[in-house]
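Engineer: Heads up: the protein sequence lines correspond to chains V and L, in order.
So that you can map any letter, position 68 of the first sequence is 68 in the working numbering, and since no number is skipped, the others follow by simple counting.
So that you can map any letter, position 411 of the second sequence is 411 in the working numbering, and since no number is skipped, the others follow by simple counting.
Derived by calculation from the structure, the hints in this document are not laboratory data.
Values in this document were obtained by computation on a predicted structure and should not be read as measured data.
It is possible that some hints are incorrect.
Said to hold, decoys possible - Cut-off 25 angstroms, straight-line C-alpha distance, at most; resulting in silico cross-link-like pairs (PhoX-like, lysine-lysine):
hint, chain 1, residue 1, chain 2, residue 2
1, L, K428, V, K86
2, V, K45, V, K86
3, L, K629, L, K598
4, L, K428, V, K90
5, V, K132, V, K45
6, V, K90, L, K367
7, V, K132, V, K86
8, L, K363, V, K90
9, V, K132, V, K90
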Amino acid sequence: MRKADSVRQLILIAFALALMLTLACPGARAQTSAAPPAASVDNGKKIFSRAGCYACHGMQGEGTNLAPAIAPPPLELPAMIGYLRKPTGKMPAVPVAAASDQQLGDIYAFLKSLAPASNSESLTGNADNGKKLFASYGCYQCHGHQGAGAATAPRIAATALSLAGVIRYVRAPTGQMPPYASKVVSDQDLADIYAFLKTFPLPAPASSIPLLNQ
Amino acid sequence: MRKSKNDSVNRRDFLKAAATGTAAAAALAAAPAAAAAAPARNAAPPPLLKLADAAPANVEVLTVDRPGSDFMVDVLKSLDFEYLCANPGNSFRGLHESLINYGGNQRPEFITCCHEESSVGMGHGYAKIEGKPLLVCVHGTVGLQHASMAIYDAFCDRVPVYIILGNFSDAALRFGQVDWTHSAQDPAAMIRDYVKWDDNPLSLQAFAESAVRAYKIATTPPMMPVALVAGHELQEDPVPDGANVSVPKLTMTSPPTGDSGAVAEAARLLVAAENPVLVTDRVARTPAGLARMIELAELLQAPVVDRNGRMNFPTRHPLNHTERAGATIAGADLIAGLELTDFWSTVNSVRGQVSPTWRPSTKPGAKLISVTANDLYLKSNYQDFQRYTPVDLAIAADAEATLPSLIEAVKRQITDDRKRAYADRGAKHAAAHEQAMQAAREAATSGWDASPISTARMSAELWAQIKNEDWSLVSNCQFQSRWPLRLWDFNKHYHYIGAEGGYGVGYGAPASVGAALANRKHGRLTVSIQNDGDLMFAPGVLWTAAHSRIPILILMHNNRAYHQELMQIQIMADRHNRGITRAGIGNILDDPAIDYAKLAQSMGMHGEGPINDPKDLGPAIRRAIEVVKSGHPALVDVLTQPR
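With the rest of the complex left out, here is chain L (with noise of 0.2 angstroms):
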């Protein structure tokens, strides 16, 4: 390994030996002669400042040839992220020195954020999208303070983020106050809860081999973020002469699946059902995994309660059973909950006055069925887990890696007698699903013309202008009644990619950017309806979209309210008796109205609205949607009714 040619004792070792009184010493003669000139153990210290005056100029190490951050920069090109998404911090400067300059700017390609919660957010919607993690570079202590609500995000939603934490480790080498702040003694410890595995390598072989196996532990269901640490010193020390330092292999480890036993009995039981049904959250990671669902489904003639934690189901598929899903998984005699994250919930029901009150949902005796890689993993602390539910058969394994198996174990025990049943009683599904979609739509006529804009209309408005493209939905449509999943045909799986997962808002706007990053280059039209309260978060991402030419579609769901937060508090006015006409303070995002079109137009973005007539609003999507095909994001602010 090459140094600096007029570099006889590199700089780590010169500012160690200076900080021990050493440093003259160490000037003055060969770096191995250094040790030997320490002084005795009880000697006085020497005066380093007269010390220092009296170092050469000429053995300050003032460049450095190869940095570790070089080798870093291989050891992340191994893994071929295609973006770095990153808020500056001078903890990880050498590291991003390397990357836009060594590594030549390119997978990964540095997409500037404004925040670390958007930098984080942006790899979540883009591992969704893509099936892969892209890396989040975040400064120490502040920079991961930011970040931590979206890592935990991310975590609940079991998604791969990667994540590299800039850290000054050597005491020894901080340069004054800031480092010292945003330095750290263990710098993951604030976030280990809910990362799956994180490290702090002390050498470059072992960030190389940490940086390998995060990777691997990432991207392995159940995925979760990780976390590694790179010292400061690790990357702006020089490679050592003669290092044997090396980038292992990346193998990916297969997903989990399940024990053949449980499989085959499990498709014994549902073979055997009168009415089994598919409960579905976060099984589809993939095409396939779509795929593999409706072939199941079909096999079966088993309807499918989407709760829509990905793309998993079709929604207008005979047997999507989700606009109905009470009353079908109450008319159940098997649920089979494939990667569901609330099995309590999906069979019980509760209701939620002073204190809340449970009661089964499913009919006595209906059996149940779990297939999640949640079994595999679980932390302690926080409590994304859920409430335990009792089941007659538990798989431990990732559901879309099990269906395989557990398809060709349901042929195998499908007679010709079932098989007629099932035709038979997937004619009744078929019919209530018609039915229950004719209910969507009849429900979608009322307040049809009201300003604000119903959530109704403005998905179909949407949904009319995007229907004949190639478009993905990559927002979630829980605070809008899930209209578009009620009216709009889903069938691929970039169609929907869920939530966030852990319900923490702000995580809207960055996952939606990220989603479209992932889609550019894919030539999909990526929409989003955008939640007002959870865009104020860290609005900065939209200038992050017109800065890196990232096309997407924003709908300003605008109700002007943390809406659900102005519900909870209009509930205990009520509760208490107090009045109920000052649930507003607190919730309420008006005086002065959020100009979110001028917002977007500060950012370089299109903006246009606020728009609070229906008819206005078809006209303004197609304008939008012509800048987005021309490469740029645009927002379209409509005000809305408040879901």
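Chain V with its partners taken away, still in its complex shape (with noise of 0.2 angstroms):
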């Protein structure tokens, strides 16, 4: 094993456990009652810190070698709470007895409040105009014309990311998607598209399609 890899590894490591036990720390859970708090800045800034996210986000979240950038968080809450849970690659898995869904709400709220200024807080999307700008901008190319995603490109049509997240990712994809600029697609035409992706449901699981069981 290469030595950057050894450090990454144990870089890893060590955050997961800090995650686990900062998290599992009774000073740091939410006190939850029936109904859940209002999202804490200060406290999701304080298990951010102790529970070491900086070591591969970084400070404020803005991502290093190790990890992307998660501030302004790109996924929506609900979303990078299922993340959270059950992640893919080499992010480790946060399981409930280690942090509840209120401290990973409160650890949103601070990187909500870490993002730089953006306008996509007060975009409101117009799904119809969405529609046009999908077809005409020729984001179907690659993601199809209802955005159910092929092998060129992911589905997002239903999107789990957040509209900030949508408009980063656009702005400076990281795959094979070329970057556009504002120049080309605006913040407002990128939550009109949004406000289109959102009028899709989710798709039905592959066991209620008899096609997909043969």
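Build the complex from these two chains, which are given one at a time in their own frames, with help from the hints.
Structural biologist: Written out as structure tokens, the structure is:
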């Protein structure tokens, strides 16, 4: 194993341990009652620090060579919680025993508070216009006419990404997708396309489709 | 050898003599006297027209009893070609006539093609099913120019196609402007970079020997197309009296196998590895190759990542890890590439932004083994050999032919301890395979009811109709997001034949029809998912299928675009920040939309569609299959998602 990989592995292990121990600590755990309290940016900041999230994602969630940027959160909260419970790649899992949904919500609020100035919060998407733009801008070429995805690009219909996450990725993608500058596609255009993609329901499970069980 | 009864001077000598001003002498005297009657070197040329007028009518050669092309047919029949695919051309008219009359139009049987690209493409698809070439005849210059892209595809795909190329070699015997225009000094020069061998024999005996040699060369791995020039005069002149011509015996060359020491070392590395991975591309040429790949993988309990150049490994086998290729290769400590065309991209990943950037996709220290016949024979000019990849052990040999000795070597080296370790990892691989299959099924649900129809839905609808038949998918799956390979149960060598090899669009339709031609006698249900842009290069092959009663179900993947290029232009437009609404210019096949059902009907085929509602697709496929089962081709036009 190369030295850099060894270091990376150790950091991940340390992160996972810190996350488990810190989030399991009663002092850090949110005292939940029947109705979950509003997310606490301050508590999220403390957990983010104690759990060592910064080790891979950076102090401001800006991303490092070990892990991507997460401020503003690229996923919507439920999707982020789902991902943390069952991550892919090198991200260690965060079981409920280690962190409640409330605590993860606090981290989410903290990450949102770190976001660079963005007007994504104030944008309101128009799904009808987004449908037109999705076609005229050629999004369908790789993602399919309904955003269902293909070998060329993933499904983006009913996306779990937040609008801020979409805007950030489109401006500076990390994979084969070309970057789209605001000169070409404005934030408002993306908000409209995002609204269009949100009109689609999640696909039915394969088990419910006989043709996929033959 | 008999000649025509009134033939005192053969046509060739007569015309040669006329061209040198000795026609009258040749006509008036016996042939041997012609040379003696040649004018003195400095003599003024005789008035040709006057001499020609003076020639007695009864010396004009009107018939030939046994032309050289008959002997050529004897030679070609000895090679046992089932079919001849050709678009007619007068540079091989003599051979054409001999094949259909003297040869009885049997073995080979003439298959009329509407484009030389179709002729070669059919030969390409046929060979991948049947394991041997068919014969293609190509007209000089223009015909070969039409054929050239298809020849390049077959060359890149390492497939034997046997080409006979007509030419008016002797300039003195060309009849007029067209013959000159369709002649070349070195006819095969334009394809020499992408055929394995070519020759331009000047006598019938040389033709016979070169014909047999060409067959051996084409069918010895690495297999490739070959071209043999058949001179117009060699075809049409009679076989000379007393000529000592004979058909040489064909002895097939055994395929090159790996050096025993190198094979033993490969076995040692494979047995010792904790996470070996077998990456296949064009390894299984025959049913035996497929069986041996299964045996090797199961022996080692090693996962297989299939690049699908051939039907190398069953898709539902627990050790098939193609669906999780990235993770499998990333976790490997040893990767064995078996007839792997592009080893570099297998062990590196690229990010294709303004400048492509590469990074290794393997663990540091992972060992690489290569077994390929490509190490035995490469050409220089065209760059199909891909980026050079440093490996730890390179075995220059045909991988399929090497598998038996590799398997035996592995068996000799496996200990009981290793067997126990293999059993453990096999169980993990089986679980990972099932997980990947389930993930594919879940991914297929996305856009399930969409219109245009998703390629996953189209594939699933087709599978439902053919899964209980003896089927053969003869089209490339790449442009349908590989859905058939992800959803269907491929387990026989004819279930899949890979792609075009050279990525030359226009391969799909003729190769599918050629493969269907090979499948016909086996009674298999041939199906093809046909890309719309590909079909439009030479749609006349639909007529060939109808005319020759070649049963095939063609399901149009009609996304109404040259979609790959559409995406490329989108990337450029985006990169240049000049707006992204005009990428369709030059790429979209719409306005008017092409009606493929009517196109098929116009060629004499069953045609149905366009179908845009997924609910209508299954019944349409069923109707088309009934037509195919009656021995005819059928086409269903499906409006589809882009990929």
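Engineer: Hint by hint, say whether it matches the structure.
Structural biologist: Evaluation of the provided hints:
At most 25 angstroms may separate the alpha-carbon atoms for a hinted pair to count; L/K428 and V/K86 meet this at roughly 19 angstroms. Taking the CA atoms of V/K45 and V/K86, the gap is about 23 angstroms. The hint holds against a cut of 25 angstroms. Of the pairs offered as hints, the one joining L/K629 and L/K598 holds, with about 21 angstroms between alpha carbons and a cut-off of 25 angstroms not exceeded. With a CA separation close to 19 angstroms, the supplied pair L/K428 and V/K90 stays within the 25 angstroms bound.
Between V/K132 and V/K45, the direct Cα distance comes to roughly 41 angstroms. Violation of the 25 angstroms bound is thereby established for this hinted pair. As the CA atoms of V/K90 and L/K367 are separated by approximately 23 angstroms, the hinted pair is consistent with the 25 angstroms bound. Between V/K132 and V/K86, the direct Cα distance comes to roughly 35 angstroms. Violation of the 25 angstroms bound is thereby established for this hinted pair. Between L/K363 and V/K90 the CA atoms are separated by roughly 15 angstroms; this keeps the pair inside 25 angstroms, and the hint holds.
With a C-alpha separation of about 38 angstroms, the suggested pairing of V/K132 with V/K90 is violated against the 25 angstroms cut-off.
Against the hints set out earlier in the document, violations occur for numbers 5, 7 and 9.
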